Amino acid sequence: MQQTTLLSDPYNVIITGVGGQGNVMASRVLGNMLSEQGFEVTIGETFGASQRGGSVMSHLRISRQTAWSPQIPKAKAHVVVALEPIEALRVLMVFGNPRTRVLCNTRPIQPVAVICGDAAYPDGTEIRRAIGELTSDARFVDATDAAVRLGNPILGNIMMIGALAAMGGLPIGRADFKVVISRTMDADKVTANLAAYDMGVDMIGAKEQ
Amino acid sequence: MHVFGSNELVEDVLKTDLCVGCGACVNLCPYYKTWRGKTARLFPCDLPRGRCHAYCPKAEVDLDELSRKIWQTTYDGSPLGNHRKIIAARAGEKMLPGAFQAGGTVSALVTVALRNGLIDAVALTDRQGLTPVARLITDWREVVNCAGTKLMAAPTLAAVNEAVGQGRRRLGVVGTACQMTAVAQMRTNPLEEEDFSDPIALAVGLFCNWSLDTRQFQQFLSAKIDLAAIRGMDVPPPPADILVLTTDTGTVEIPLSQIKPIIAQTCFTCPDMTAEFADVSVGMFEGRPGWNTVIVRSDKGAELIEKARGEKYLETEAMPEENIAHLSRAAAEKKARALRMLMRRNLLNNKNGRHAAVRMPTEIVERILKG
Amino acid sequence: MSILIEGKSGTRHLLMGNEAIARGALEAGVHVAAGYPGTPSSEIIESLAKVCGPRNLYVEWSVNEKVAMEVAAAASFAGLRSLCVMKQNGVNVASDFLLHLAGSGTRAGMVIVPCDDPGALSSANEGESRHFARLVEIPLLEPGDFQQAKDMIKWAFALSEQIRNPVMVRSVTRLSHASGNVVFGDLPAVDAEAYFKHDGPALDPLQGVMLSYPVALKHRGQQEKLQQAVSLFEQSPFNTYEGPENPELLVITSSACCLYSTEAIHLLGLEERVGLLKLTTTWPLPPQLMENYLARTDKILVVEEVIRFLENEVKVLAAELAPRIGIKTFFGKKDGLLPTVGELNPDLVAGALARIFKMDYEPVAATYAAQAAEMAAKAPGRDLTFCPGCPHRASFWTIHNVLEMDNRQGFVCGDIGCYSLAMLPSGFSTLKTLHAMGSGAGLASGFGKLKAFGMDQPAVAVSGDSTFFHAVLPALVNAVHQQSDITLIVLDNSGTAMTGFQPHPGRPVDAAGNPAPQIDIASVCEAIGARVRTCDPFDLERTERTLLEMLADTPGVKVLVLKQICALSPEKKAKKMFEMRLDESICLGENCGCNRLCTRIFKCPGLNWDAAAGVARIDEVICAGCGVCASICPAGAISKKEVA
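Protein chains in written order, with this note's numbering: chain W, 1 to 209; chain G, 1001 to 1371; chain A, 2001 to 2644.
Some residues of chain A that are not near chain G, with every Cβ distance over 12 Å (derived):
#: 1; residue: G2079
#: 2; residue: D2204
#: 3; residue: T2329
Below, a list of computed lysine to any residue pairs in the SDA-like style, where the Cα atoms sit at most 20 Å apart:
#: 4; chain 1: A; residue 1: K2572; chain 2: W; residue 2: I154
#: 5; chain 1: G; residue 1: K1085; chain 2: G; residue 2: D1299
#: 6; chain 1: A; residue 1: K2378; chain 2: W; residue 2: D123
The set of hints was computed from the structure by calculation and includes no laboratory data.
Note that the structure is a prediction, hence the values are computed from the model and not measured.
Note that the Cβ used here is the ideal one computed from N, Cα and C, for glycine as well.
All chains should be built: construct the whole structure from the sequences, respecting the hints.
Structure representation (structure tokens):
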């Protein structure tokens, strides 16, 4: 039975990643899934110049009552969806608190500083440990590689939406996703997106059992 | 020999106008490039030691060490450097007349070396427009295309590095004193690489008093004549005191006094007039047009001369003592002048971690300065 | 088909602020919309372009903002409601015309929507358009949420027609590029007819000539129009107040700061102590409305972004009203409580409130903050860089190298577009100046005349294809006529890439996607007398040789067009040109003479450095298959295979 109420009002979700990962699209899809059900949704996005290889963030505010600030106040994120691991750390530093939950894609995207050798990319297990220590519930999925297997790495963002739904805490389900994706996408892309969503659900489900 | 890296080369040579543009650092890596007579580094490289620095004839050249490695003897500062004999020579009957400048000895030697397989390629200096460029030649018939002085510093050694990178190990090279110093450093495996093999089979040096700054010379000439019409250039022996340009429409004479301000400043720090680290060094024969002065330095050089003479590519004669003495005086004067300049610029035998352009034993410095 | 016209009246939709503005214009019956792309404004014109057919609407991406405003004004003169959209910088460009337009007046409603970018999230400055409204004396409206973004556009059109002058509706990044729920209103009928009546009495606003002359008369009339606007502002339903009848503190705010202020009051639980006046009619301020609220308290906090505008206006009004409302204590930017640089957010406003009320505001527990900061410190920062496969990386690689080889301390005057990033190490720090649209060529034109003073450094300017038409052309004409010595490099990536591939005069389509005459940049440059060469920047060798020759060539104006389509262009459909392979057995890593040229210097995000293995690798997921790195690897370790 799909949850219909919010655990907190407003309920604050941050989707973070790197320019080009489909961050904006993911936030729109999620926002529309909630708006369809009558929630007041506000999304704040940072894109433009920051899309060129920079860190990208979308702030979603979900409420039964009103529109909220498109920027979430410090430490008030309920859920952080990270399309890239170190972006999760960066977001938690400002918007996290011990009760924050995290869904994290494990595929790193090396920043220029790492590519050119000025900085090192932290070890994967270290990142997991850090995120785990900073949050109440941290899930890690390898969405990019799964999406590559599905034929297109960009579907990783949709997989993360599926995984987010399976994590619980948000009143969203597959039917909402199907409605939104069917409205916003060309028909030939709907099947692949639904498959990605289902794969995302399974990634969390498999871990639970 | 102190070998540093690219950053030191930029600081000590490129930024101080010591770079002569010989090409020794070009084509070793993607960072050094030569264009219109200037060498530039495109991006910083933080490797602590590099061949670029090791080969440079203007950075930490230890003449005593180099002499020991090349000639198995100490550097004594003698005016004409280590040599076996000095002879007069000119192209022999097998060489087509007119295709070369002065005596044609260099063209003859290179031709013979290529024809006999002593070398399988040679790095020469060609002109592109008025700009000297490096050219790697494998066909002896093309040698004469590169004949004739360019008067400007040339990146000839870029062609050596390129050829070595392609795996060539029997290379000839023709160049001025600074270039022969660089070539000598290339031959001594300065980075102590395990799989090193000397790629140079023949080094032919050219006497040199100075070279002109390519860009300033072009600018100077472009105000006077159509650069595209220039076919050749020469500085006839004293007392002529002129630069002669051969053009499509005749010759143009320019007083050397006008040329002097555009001599590359780095040339005033060069103590070597006769390319002391070459197998054989060739220059003009003052007072005898159509003939060259040839300093035979190594066994290899001597063998080549013999072969060339035997095959009638070269004609030789004894060199009058009087001419040798005159050459020696000129070379000694250049040495002393250069040392004074090096000392004035604080570039000789520096201590306390400061980098030098040239190093040599202090007693030799004193000997040269005494004259 | 777009939700903007499918959505029925009364239905509720999640819209981006820019889409809400577009819907507002549609509900107002707009018939002409013109603009120049610029973040965060671009989606307004884009959204309208998608529905121009069914809505009987003419939409254009104009060559620049001044022309866009002229195009929109022409429609107004001919009796059609028109919208003009730009980012803030565009208002600077259009302001000369705007000043005259405000004097001549308009006929059918004309609304100007500038989108400001406090914090310069995607700009090279954080200038503001609010000041222009006051400068040229036209009414200024600032919506405070997404619903207002739509509704106030409609209201602005009506206001413009009442006062017969343009009205400015100012948006900001956090409205334009944020999304919220919006309830739709009715769409009017689409019929419209244009006719420019000009033979009536000269001074008749609807039948005479459209001039700002005679100046004194027109200027006086313009000021009377403003007074009319003020009286309408007094009654505006969009100015709202929340809070107690007599608050301890009155917060006066506008625009996105309405949302921040609401949230800040909520965060501190000050709902019963603070009154919040959300102003949407911010210039000229309506004095009676202001008196009503100012009279309720002695302490006032003005919340706005960047430099003081509202705060000053409120203070002037309060001084005038002082005999009736008493002396007030003001908080805001003057006292340093709020910053005068960068954008605001709920925390900054909460911090200011906390200081006024002497409360503690520590949103993050100190221990958690310390722990998180320690861990986040290990996450390397993400500097901006050109996208994988971006032609600019290849172009600037060559430009940088050629200037080094040329060895005369030449430099590049930058311009506005994605290629502005070449000021950073990712673009090899090639740009040495960066100012407004077209300023690169203009500065170069000036530098190129300084030879007489001993300057022999080559002056190079870069320009994007869209920027070329926008503002580079006059500078280039100037350089040719003044016999300046410059080399202009046009980085032609076939569209206005930075803002989302909007067409420009060099493209064969218009805003609506219909075929349009294409103006060839190289031909234009040749026609004005420049020496022009064209290269593919991915052909590094040829581009390098060409540019070297151009710089060494005799003085004059030279133009190099570097033509290669943007890696993100929809035309490319993310298709790779080449399948890239890196042979690890050939890659010498740190041991080759190149010292990791590919990752240390070229540093395309498609390449990774595997420190453990000591080799470079290609990241298949990120690599765009442009093939350039194969030309760069000196060891020949990278190879490319054409994708069928």
